[in-house]
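Enquirer: The lines below spell out each chain.
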Amino acid sequence: MDDVADKIIEILRKNMKDPSKTVTLDTPLSELEIESLDLAVIVFDIEDTFGIEIPYNANEEVEAFATVGSVVDRVKSIMAETKSSGAAA
Amino acid sequence: MTKSNGRRRVVITGHGVVTPLGTGVEKFWSGLKAGNVGIREVESFPTEDLYITIAGEVPDFDPKVHLKSRSLMLADKYSQYAGCAAAEAVEMSKMETPISDKEAYKSACVIGSGVGGLTTLEFSYKMLFQENKRATHPLTLLKAIGSSASAHVSIEYGIKGPTYGLVSACSTASHSIGNVYRMIREGLVDFGIGGAAEASLNWGATRAWQAMRVLSPDGLFPFSKNRNGTVLAEGAGILLLEEYEHAKERGAPILAELKGYGMTADAADMVNPSIDGASAAMEMALADSELSPSDIDYINAHGTATAVNDLNETRAIKRVFGNAANNVSISSTKSMHGHCLGAGGGIEAVAAIKAIGENYVPPTAGLTDPDPECDLDYTPLQGKDREVNYAMSNSFAFGGLNAVLVFGPPPA
Chain H
715 MDDVADKIIE ILRKNMKDPS KTVTLDTPLS ELEIESLDLA VIVFDIEDTF GIEIPYNANE
775 EVEAFATVGS VVDRVKSIMA ETKSSGAAA
Chain X
53 MTKSNGRRRV VITGHGVVTP LGTGVEKFWS GLKAGNVGIR EVESFPTEDL YITIAGEVPD
113 FDPKVHLKSR SLMLADKYSQ YAGCAAAEAV EMSKMETPIS DKEAYKSACV IGSGVGGLTT
173 LEFSYKMLFQ ENKRATHPLT LLKAIGSSAS AHVSIEYGIK GPTYGLVSAC STASHSIGNV
233 YRMIREGLVD FGIGGAAEAS LNWGATRAWQ AMRVLSPDGL FPFSKNRNGT VLAEGAGILL
293 LEEYEHAKER GAPILAELKG YGMTADAADM VNPSIDGASA AMEMALADSE LSPSDIDYIN
353 AHGTATAVND LNETRAIKRV FGNAANNVSI SSTKSMHGHC LGAGGGIEAV AAIKAIGENY
413 VPPTAGLTDP DPECDLDYTP LQGKDREVNY AMSNSFAFGG LNAVLVFGPP PA
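As they're listed, the protein sequences go chains H and X. To convert a position in the first sequence, counted from 1, into this note's numbering, add 714. To convert a position in the second sequence, counted from 1, into this note's numbering, add 52.
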C-alpha cells in the first residue's frame, strides 16, 4: 500500500469504534462502524491532511465512500485535479 | 369551563412572526396559502467561497419600522426579531401593557434561540482578531447571550415572573411554548410570552453548517424522492399564552387552545433521529391533550428534507397513528419558509393555529416527485380546504430532542 492509502487508513482508525480491526482497501466503510457524523469528521481530517476539498452531501448515496479503496481512489483523483488546475485548496 | 379533571386550560390570545415569507402573520399566512417559497440567493453576506449560497432570509425587516424600543434598536438581530414578533402578539391580544403590578409576577417570558447573538459574536471576533481593535463594543456581551431576547421583551412589557432563554436546537421554540404552557397549567403564572428567534445566517455559521454536509445547494424539498438536505433560514415565532378564564374575563380574542405538549429525547445519536423518541413525543402530546390520533386533522411536520428525518418522521407518524395516518393531512411548511432553526417551532405553531382558524391546510411546496417510502398525504404543491379542529406540530432536533404541540379550536 502506498503513502496516501496509509495516511487514510490511519485517519479511519482514529475514528473507528474498534481501531484494532483489520482494514484493507476492500473493507467496506459500513464494516468499520462509521456513522454519518464520524464520516464528516473523517472527511475533514482527510481534507486537512492532503490540502484538498472533498465535496459530498450526507443526504445522498456516495459511491466514493463504499470501500476504503474507493476513498483512496477519490482522494488521489482530487489531488491530481487540484495539482493540475493549480488551484489552492 | 374547566376540564373534567379540574385542569387549567391554556389558550392563545396573540401571535407574531418574522419569516422569510415576510414580517407579520398576515404576510406569512398569505405566502403559505399561495405556496410561495422564501428561499433565495443569499444577500446579507458574501458567498464567494461558499458552496451553499441559498438561504431563507427575512426580506422586509426594518428595525426603524418594526421596533419601538430604543434598547432593541441596539440589540442583535435575533432579539430584534423576537421583539417585533412579541409586539405583534401583544398587540393582537389587546393585553394592557405595561402589565399591572397586581399581575406582573404572574406573567412569564420564555424566548429561546438556538445560538442567540451569533452574528454579533462573529463580527466582534473579526474586530478583535482580524482588525486588532482595542476593544469590542460595550454592548457586545449583552447582544450575544441567549437570554437577551427574553430580557428585552420582559422589560418592554413589564413581565416580572419567570423570564429566561431556552435552548434545544430545532425544538427550541416548541419547548419554550410548552414551558410557558406548563407554568400556566400549574398556576405559577396566568399568561406568558413563549417562542423563539433565530438570526444566525452569516458567513461563519454557513461554513460550520457546510462542514456537517446536511445542507442542500438546491432547495428544501421535504418528502421528495430527490431531497438532498435542508436550507437554513431565520426569523421569530412568538405566542401569547393565557389561562382560559383570565382571557375570557378580559374579553380577549381567543385564536386557539394549546391542548397538549409532549417532550422526549432519543438518547441515541447527535444527528440521526430515532423512531422511538419521535413517536413517544407524539403519543405524549396526544395523551396530554386527551385526544386520539384520529382526532388530529393536520400535522405540521418537522419535515427538514434531510434523507433521515423525513423517513424517520413518516415511520413515526405511521406507528403512532396506525390507520388514522391515512386520513390526516400533513405538510412541511419548511418547504416555503426554510429551516428557521430555533425559531422554527414558533413559526410552525402559528401555521398550525392559522390552519385551525381558517380550516385550510398549507401545502408542501416543491413536492412533485414523492419518495415512495414517504407515502402519507403530504399535501403536495397545493394547499387545501379542510375542516381543521386539531393540529399537531412536530419538532425533532439535533441530539434527538423532540417536542410536539397539539392545538385545538377556541373553547366553545
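Hints in this document: simulated from the structure, not taken from any laboratory. All of these numbers come straight from a predicted model, not from anything done at the bench. One or more of the hints may lead you astray.
To be verified - SDA-like cross-link-like pairs, simulated, lysine to any residue; straight-line CA separation at most 20 Å:
(1) 212(X) with 174(X)
(2) 728(H) with 185(X)
(3) 728(H) with 322(X)
(4) 731(H) with 321(X)
(5) 277(X) with 731(H)
(6) 277(X) with 733(H)
(7) 277(X) with 433(X)
(8) 154(X) with 303(X)
(9) 146(X) with 212(X)
(10) 731(H) with 320(X)
(11) 721(H) with 775(H)
(12) 731(H) with 717(H)
(13) 277(X) with 776(H)
(14) 277(X) with 771(H)
(15) 212(X) with 269(X)
(16) 436(X) with 146(X)
(17) 728(H) with 146(X)
(18) 731(H) with 174(X)
(19) 790(H) with 733(H)
(20) 731(H) with 154(X)
(21) 185(X) with 167(X)
(22) 277(X) with 770(H)
(23) 731(H) with 78(X)
(24) 277(X) with 737(H)
(25) 120(X) with 154(X)
Enquirer: Against which earlier hints does the structure fall short, listed by number upward?
Expert: 1, 2, 5, 6, 11, 12, 15, 16, 17, 18, 19, 20, 21, 23, 24 and 25
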